[in-house]
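Undergrad: These are the residues of each chain, in order.
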Amino acid sequence: DTAVSQTPKYLVTQMGNDKSIKCEQNLGHDTMYWYKQDSKKFLKIMFSYNNKELIINETVPNRFSPKSPDKAHLNLHINSLELGDSAVYFCASSQDRERGFSSTDTQYFGPGTRLTVL
Amino acid sequence: EDQVTQSPEALRLQEGESSSLNCSYTVSGLRGLFWYRQDPGKGPEFLFTLYSAGEEKEKERLKATLTKKESFLHITAPKPEDSATYLCAPYGGTSYGKLTFGQGTILTVHP
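From first to last, the protein sequence lines are chains V and F.
Take 1407 as the starting number for the first sequence in the working numbering and just add one per residue.
Take 1021 as the starting number for the second sequence in the working numbering and just add one per residue.
Keep in mind that the hints are not guaranteed to be accurate.
[Claimed, not checked] Simulated restraints on C-beta separations: (1) V1466(V) with E1065(F): 36 to 46 Å; (2) E1488(V) with A1073(F): 11 to 21 Å; (3) R1469(V) with A1073(F): 35 to 45 Å; (4) R1469(V) with K1079(F): 39 to 49 Å; (5) S1044(F) with H1483(V): 34 to 44 Å; (6) S1039(F) with K1446(V): 15 to 25 Å; (7) N1432(V) with E1076(F): 29 to 39 Å; (8) Q1034(F) with S1471(V): 43 to 53 Å; (9) G1061(F) with T1419(V): 14 to 24 Å.
[As the list claims (entries may be wrong)] Okay, derived cross-link-like pairs now, PhoX-like style, lysine-lysine, Cα gap no bigger than 20 Å in a straight line: (10) K1450(V) with K1088(F); (11) K1428(V) with K1062(F); (12) K1118(F) with K1450(V); (13) K1062(F) with K1446(V); (14) K1118(F) with K1442(V); (15) K1447(V) with K1118(F); (16) K1442(V) with K1428(V); (17) K1083(F) with K1447(V).
Just so you know, the hints here were simulated from the structure itself, not pulled from any lab data.
The beta carbon of each residue, even a glycine, is placed where N, CA and C say it ideally should be.
With these hints in hand, go ahead and build the complete structure from the sequences.
TA: As structure tokens, then:
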């Protein structure tokens, strides 16, 4: 009964390829996120979706595109992969952004996907 | 822009040796601050949320406190299983779910 799951766990690919990472949450949360953790371990938000609507879109190359088929899933598609895209990508979810700051805003993270671009 | 600095970057303790981790932040309209624990190869695991200056939260050997400019994570009589990276993330009024994470403190507890 994993709360936030991601597939695959590891992804090794060549420069120029297109790849996707899938994320699913079974917590019934309304908001989902994608974070990137670089080699220096900084976690930086990339995107956030609330009920399938994009609400956060940080300065990320447009080669990265999130897709939310329903509120339990948020997938990350990456086109024309570059060496600098190598990192660990984390998906997260939280209850409800709209209700203001409360315990329901806690973000729960998935196990991560380690992407290596050769 | 929100800024977060955690110190020290790395901390080595002997089992039973208590210490504190620091999280200094500059966030407009702070609404709260999260602490997470991250084990190698895993995602961050939620520990605490602090909402206002003066608030304290405890869980086993960990106690988190919050002031207007910083937060502390106190570890009392740590055990080797407390070894992990500890991340703090303040949350501002206009962040709309955007957490700004510090770089983390890598804690190693030796038996």
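Undergrad: Run through the hints listed earlier and report the numbers of any the structure violates, in increasing order.
TA: 1, 2, 10, 17
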